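*Asks:* Whenever a hint applies, use it, and build me the whole structure from the sequences.
2 protein chains.
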Amino acid sequence: MAKYVYNFGKDGTDGDASMKNLLGGKGANLAEMAKIGLPVPSGFTITTEVCTYFYANGKQYPPELKADVDAAIKKIEATMGKKLGDTNDLPLLVSCRSGARESMPGMMDTVLNIGLNDKTVETLAKKSGDERYAWDCYRRFVQMYGDVVLDMKPKSKTDIDPFEEILEAKKHKAGVKLDSELKAEHLKELVKEFKAAVKKQTGKDFPEDPIEQIWGGISAVFGSWMNDRAIVYRRTYGIPHEWGTAVNVQAMVFGNMGDDCATGVALTRNGSNGEPGITGDYLINAQGEDVVAGIRSPKKIEESLKKDMPKVWEQFSKVALTLENHYRDIQDIEFTIERQKLWMLQTRNAKRTGFAAVRAAVDMVNEGLITPQEAICRIPANDVTQLLQPIFSGAGLKGKTPITRGINAGPGAATGKIVFQPDDAERIVQKNPKEKVVLVRRETTPEDLRGMIVAQGILTAFGGAASHAALVSRQLGKACVCGCDGLDIDYVKETLTIGKKTFKKGDYISVDGFTGNVYEGEVPTSPSEILQVLLEKSLKAKDAPLYQRYQQLMSWSDRYRKLGIRTNADTPTDSKRAIALGAEGIGLTRTEHMFFEGEKIDHFRRMILADTVEAREEALVPLLKIQQTDFEGIFEAMEGRPVTVRLLDPPLHEFVPHEAKEQEELAKKFGLDKKKVAERVHELAESNPMLGHRGCRLGIVYPEITRMQARAILQAAVAVAKKGTPVHPEIMIPLVGNITEFRHQEKIIREVAAQVFKEKQFTVDYLVGTMIEIPRAAITADEIAEGAEFFSFGTNDLTQTGLGISRDDYGAFINQYKELEVFPADPFQTLDQGGVGKLIKIAVAGGKETRPDIKLGICGEHGGDPASVKFCHKAGLSYVSCSPFRLPVAKLAAAQAAIEEKKEKVAKKGEDNGTREFYGVVKTQCQCQCGCKK
Amino acid sequence: MAKYVYNFGKDGTDGDASMKNLLGGKGANLAEMAKIGLPVPSGFTITTEVCTYFYANGKQYPPELKADVDAAIKKIEATMGKKLGDTNDLPLLVSCRSGARESMPGMMDTVLNIGLNDKTVETLAKKSGDERYAWDCYRRFVQMYGDVVLDMKPKSKTDIDPFEEILEAKKHKAGVKLDSELKAEHLKELVKEFKAAVKKQTGKDFPEDPIEQIWGGISAVFGSWMNDRAIVYRRTYGIPHEWGTAVNVQAMVFGNMGDDCATGVALTRNGSNGEPGITGDYLINAQGEDVVAGIRSPKKIEESLKKDMPKVWEQFSKVALTLENHYRDIQDIEFTIERQKLWMLQTRNAKRTGFAAVRAAVDMVNEGLITPQEAICRIPANDVTQLLQPIFSGAGLKGKTPITRGINAGPGAATGKIVFQPDDAERIVQKNPKEKVVLVRRETTPEDLRGMIVAQGILTAFGGAASHAALVSRQLGKACVCGCDGLDIDYVKETLTIGKKTFKKGDYISVDGFTGNVYEGEVPTSPSEILQVLLEKSLKAKDAPLYQRYQQLMSWSDRYRKLGIRTNADTPTDSKRAIALGAEGIGLTRTEHMFFEGEKIDHFRRMILADTVEAREEALVPLLKIQQTDFEGIFEAMEGRPVTVRLLDPPLHEFVPHEAKEQEELAKKFGLDKKKVAERVHELAESNPMLGHRGCRLGIVYPEITRMQARAILQAAVAVAKKGTPVHPEIMIPLVGNITEFRHQEKIIREVAAQVFKEKQFTVDYLVGTMIEIPRAAITADEIAEGAEFFSFGTNDLTQTGLGISRDDYGAFINQYKELEVFPADPFQTLDQGGVGKLIKIAVAGGKETRPDIKLGICGEHGGDPASVKFCHKAGLSYVSCSPFRLPVAKLAAAQAAIEEKKEKVAKKGEDNGTREFYGVVKTQCQCQCGCKK
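Just so you know, the sequences run in chain order A and B. Going by the working numbering, the first residue of the first sequence is number 1, and it counts up by one from there. Going by the working numbering, the first residue of the second sequence is number 1001, and it counts up by one from there.
Just so you know, the hints here were simulated from the structure itself, not pulled from any lab data. Since we're looking at a predicted model, the values are computed, not measured. Check the hints yourself; a few may be wrong.
[As the list claims (entries may be wrong)] Chain A regions said to be covered by chain B (calculated; three or more residues, Cβ under 8 Å):
(1) 682-691
(2) 802-809
(3) 834-841
Note that the Cβ used here is the ideal one computed from N, Cα and C, for glycine as well.
*Replies:* Dropping the structure here:
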């Protein structure tokens, strides 16, 4: 028979940290904390299997659960020395909380103060000596229980909240503004009125029996696993619905029984920038929810806890260190101080910014706490882009005074139009994805998630560094300034007033999540510390602590990864930038991008408009020179690294003007008949340009273009090589679907090469290969490899053709596709491994069968996406190629892929000849955030 | 050492008919004829391997060839009792002809009268007693040798032909119009002048040595394998360039040595309609080339040979019968009568129309000459469509008198605009593929092939039933009337005058290839005999001899084929037509086609323009009724056969008006804002509609459409079933790429089905399946088969996505792709087996793995293409579906596929327990025209 209930606490703990799948993150960590002797209030965890059972069986529980829970409650009573419903002594009160495998902060329901009823409230009042406190607890409990368990929470913002209505009326009647000004008698009346409201709405009396209350709480928590916002959250973060949540029932301890009580949250290192030292917020005489809700502005632990409660501070510092050493990662701790006694409520690996992730991980390696492999696997590869994000430039800020300042809760710089409603933000950005907005709210709630996702930054009036706004912003990598009490926000008028200045919706505002400063208007941004050192050279490495750690991380990544990392670059400037960011070559140079600079487009247009081979060849003459110069620049910049150059790819229609007036001008310029120009442009238009006359099909119809391009590449290569810089051109034929197409173009290239080498009396090595970007190419890769010396997967087009979905037209059904989870992630961002990935595997197998040493790369945008990079590693590619700014992500992801693979192998073999430690397999539980889901 | 030279003739024959690959068709058949004792002039064949050697070795011959040829010449001399260069007796003259594995009439070069020189011509004159004859032979020889061997033939039509120029001058000087009016002295002068022209142009004397002449002929024939028109021909008919040609050197016999001589061509049965009895043309006192060239109008063998030469006729009849019985197929015979002695020059399986192919094959089965399996395999499946081609309707011809009459050389009726230049014809039809043209020529030459391919019909002034125009037309299935001497054609003015009536280029004309009649203007057409019996019921089977044979053929096909044959039909009318043509079910009903009838489109447009679910559901109400009625009609028509209905597939943009004016009207009609209509239409436009919002993507975004369609199908099914007609609806979800998409739509269908069955208290069996038309579906077919009960390959779209080629945009590069032979055939006509075929195989394997009893079909246009049908058989599909008029083709191809497979198995196993004979493996050589290339 399955064990559904796990106890934890001083008198016996069944679980441990390794049981996260079964007990959820919170349950497993409570058990672990109890196990290592930390002061954890006693309780028990109902496993995630019960959640699965619950949903599989029409919301019924396993029959044996009842008895197990009863026994576990008895154990809490015994350990804590309190009894549920006790009218003689301080009664046992419990909380009932969710706890999934991965933290989903604020997404599911919680019920506190379970066990209070008309009788125990009196005992609590008597024994605590604080009648107002007891009735306040009771009033909160009834309200929360009504909202959460009895489902009385308003369904939309326009619905009436019966409890809030009663509360407002009561405050009005009592002539007070704040809840805390209400007296015990008011609270007693409120409880009565709340209960009447419950009876009226549900038709049933409010439950007085503590056991019934506990079951209500348990059911509410399990039920909240499937609420809308939890579903949205899981979709955003890729958490499977099948995992389910555990439920933790735990004795309550009270941070609100007087000024010798407190409650708080803390990180063992700074979650924004990773600097060492405890940071956190606490509130004297408050319950934990008050801190997270952000209604009262909390005190900073590192600033005042030592002064407020010196003994507790000392104990707390030790506990925090114990926890970080135990878990070998930054811990996010919830605690309560009940009459000077410290209780640990929760610990978990802290959410952190990319800045903090890099800094802390590298520091911990340097401190000897973790291995470099663990550091690599622990940093979500995408987060490294934060380090390359622009910050407000010194120049941009010159002369600017912050109009106000808040808590620097999410690093990064954001500038955009003020929007007050999350829905508005979503609508505006959906309409125009280039539009930048800053979401300005009093505080944020889980309902605001969608709006936060699309905003550049978030600015709130209330809440600290652990508030919802702060937490979610950091996770999303958004700039966030919160708890900025100078803000006066009017949601109805849609205005934000700061001092005497009033901003309307749509006005520009800028927030600096590094400093907490808020600026009026748009503020120009400047590159990150990393880029200042690497690209701008405006900063020395020795003055750049983050850069130093970034460099360490990159060098470790280089040590472990097996995939080569190349870049997509079309100019010498791009190329140099990419080398600074670690590119080992160019995986894709799009020759047509060169044509758009300055007057070059005219030559190209003349070529397109030519209607004889002779006229076309004439027009190609100046283009040859232009292209050769460009290629020389790139070859020089790349200093001997391989450079893959793709021959002309896009349909010609993209290059000609479509408006009559522009056509007329062009005709005049070239001395052509305007009617002829219009005709030619019309001729070039296509029903489905994606599947039209492009790629090698251009080179086959106009072999003179291929000849010109091949000549430009090879003449450039010879010229650069002659001057002493080695060159490795790889000429890539696009959109091949058939070996015959490849052979046709290859023949031209090889002929031109032979001519050029003969003319120049100089030879360079070069390769001729192809893009694999249409399904037929993948399917017949064995044949194509007979000619092609390398394959480069053009996964953008392979996704379009493989899935039959035009990226440009996807918008019409993308929302429903996300909703339905047709693909685990947007297939244009993360490779569709189940479909396109299969095509790639077929092509890899075919290519290697024919040509075992074939070079295999990827040059679609997926080359910079971590999950896709890992796929490429597994699929056996030689390299990935991505845009310069994605290079660090690709490197890190490639290293993670190699380490994970090794780990899996080691785990399978059960070897332990040192490799286990080397690859970070020290603990039974994987501590990394690599997503390996163990 | 390889044997390069094979002798044939009375005194010893090395080869036989089975050696077609080595000796070419002509050589093998000459050998076979000689072997069975027929009077064949002695000669030898140089093998196709020499041709291959020739091209692989810089146009050099194998060293041992020289001696072999010398020996073979000696043998001819011995057998024929004549000597090369003999000045004492009638000298041996030889011909030198090409002969490839498959006949390529007129495509390669021939040299006749080799052996004539200044000395032998005198002997010939003396011994034949006809000086003019001898010098005419010599004059022709020098001219032909100059043209063909010495490469003096003009390269283009505007170049001057030196021989023709001299000839014209001579005629002018002699004051005559025709060549035949020239006297011996003129001819002697001509020879001198021709030789001077040769010396002038080539710098060398004309060769007098007969052996040198023979080698010149051999080289010219091998060289002509790679001439332009031969290459075009091979491309058109799919003959590999590697096959090469053989060369036949054979003693000349003379049909032009007086009026007791003749030459001719004959078929053992009628090549136009298959009727029994010899047909053919002959010319008294002529060489063979005169018949083929069509300059003189020949006599009909069946009409006058018996009278002209009774003894020869008797012998000839016997020989023809012997040949047909020996080869068990219609023979195409070339013969010459030299002074009352019959010589057989060539026999081969005759080219024939579809009419003749069906009639003769079925008759031969009934005569006991061949098996039904042989009959099936012998008829090119595509040719059967000729039997369904329209002919001029009686009504259309009513009151019309033919303006002239020619030889009914290619059956079928053609009406179209007059075009005189093949290039013009090609240009006009390329520009507008719907344009119909009739090519009007004095006579046709191999250079005209491209123009003939695009024309509806061909009309010529000269040439008989064996002329180039006739031969090629029949092969192409074009209506052709030739030898129509009433035509006066002026190529310069581009006019055609018939009697007093003059037609200009672009005027309409109509030709009846069944009767030879030519009509002025457009003539409406009426269906074929088959269709008159089957569809129009205007003819009784007993009065329709061709229909009877067609039915016999179809019943044999039904007996042997394993593939099911379904049809694509969207209306009850289509369905009935298809049943008459043998459909066993519907493989594809395109529901959207129904919307285009009458006012239905308005309802559909209202649905498209609706901007809320409610408005859309309202607009769907009348559509439900309309669709249900349509489906009821189809289910009733199909009488219990399975009906696959595809849910809405095309992008909605296809259904709305794109012009502002029409949009305005629509807005008025629906009481909508015209701006809103315009906006919605604009919104629906897509960059790549082929890859856009269509197929199941529509049903996913607008589930109410799927719901309506499912309801219409199932309510119709229930209504029809209730009335006693069984129904088997198969609901097909289009454009699925992912099991999730399928499940979403399937759920709706199953829910609707349950509702309908409950409402109507009646249940019918139905299937839910999907199109496999995008590569991801093929690649993940194993997953999709978990839900789908059947797959139908939508090969049109699978070709577009699999190859990344838009059918609509293919035109921009199709010519170069054909030129390069990127695909063995147009991939939109014949399935690309190497690419798309591989995807299908993957899908079949995946589908069967998950669901062994899965129904597998094809509903793309490839379902009616013989090669593709054979592929489907091999790939293990359950059925093919095609348009009603392709059904006979599909059936025949399916039967051929089954028989060929069995034959291959039998051949592999070497079994002979009766099956060999049953499946027509009686002869060592395959006599069929199935393309099995054995």
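*Asks:* Could you tell me which of the hints above the structure violates, numbers in ascending order?
*Replies:* none
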